[in-house]
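Taken in order, these protein sequences are the chains called A and B.
Anchor point for the first sequence: position 86 equals 86 in the numbering used here, and the numbering is continuous, going up by one each time.
Anchor point for the second sequence: position 45 equals 45 in the numbering used here, and the numbering is continuous, going up by one each time.
Worth double-checking, as some hints may not be accurate.
To be verified - Ranges between beta-carbon positions, derived for each pair:
| hint | chain 1 | residue 1 | chain 2 | residue 2 | range |
| --- | --- | --- | --- | --- | --- |
| 1 | A | Glu53 | B | Lys113 | 46 to 54 angstroms |
| 2 | B | Ser80 | A | Gln17 | 45 to 53 angstroms |
| 3 | B | Val29 | A | Asp40 | 25 to 33 angstroms |
| 4 | A | Asn77 | B | Gly16 | 22 to 30 angstroms |
| 5 | A | Gly28 | B | Glu15 | 24 to 32 angstroms |
| 6 | A | Asn51 | B | Met83 | 26 to 34 angstroms |
| 7 | B | Lys113 | A | Lys9 | 29 to 37 angstroms |
| 8 | A | Pro8 | B | Tyr39 | 29 to 37 angstroms |
| 9 | A | Arg18 | B | Pro40 | 24 to 32 angstroms |
Source of the hints: derived by calculation from the structure; they are not laboratory data.
Fair warning: this is a prediction, and the values are worked out from it, not measured in the lab.
Even for Gly, the Cβ is constructed at its ideal location relative to N, Cα and C.
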Amino acid sequence: DSGVTQTPKHLITATGQRVTLRCSPRSGDLSVYWYQQSLDQGLQFLIQYYNGEERAKGNILERFSAQQFPDLHSELNLSSLELGDSALYFCASSVDQGTYEQYFGPGTRLTVT
Amino acid sequence: AQSVTQLGSHVSVSEGALVLLRCNYSSSVPPYLFWYVQYPNQGLQLLLKYTSAATLVKGINGFEAEFKKSETSFHLTKPSAHMSDAAEYFCAVNHGGSQGNLIFGKGTKLSVKP
């Protein structure tokens, strides 16, 4: 158990819908990262937050957004969902920003039908 | 820009045999390198991390990796494979600077035959 929790574990929804994925980092970790894992794209970095502020963006679509709250949990919002958004979404946390090791949650499997 | 290449999408070994999973990196700055393991239907678990303190890094579950700057490699090894090692293994390099996001290789699926 990494100490990072993600809910829900599975999510099935229809095209055009909007969903919210939730992540609670390890106790004391200030940085949260979101990654997407799909068969064709592999593991791709989406976005990073550090202590409530956005720090870096990767291959995140404009239909996707995220935020980190004062209690440091984070939410990833995916809207206008398309079939191609079906993937595993991982949250990871680290104690600080930079080169520290990241600990991954169990992931949320999103299926768009 | 940093990148990682994992040679071999599938590797199969017999139980008790040497495990060697290859990773080559490209980085414009001194790299921070990681190996993660993903068991079916689970998240990624950190195996080990290279931070320039030592070129040979020991990780969990008997795995180790050697950083070779001249070969830009960070191969993962284990002397004797166990059935429980069957999983997918990912090599990753840290983006660098204050951002810290990981750039992953495409992964190598390890099968262990009895």
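Worksheet item: What are the numbers of the hints that this structure violates, sorted from low to high?
Response: 4, 5, 6, 8
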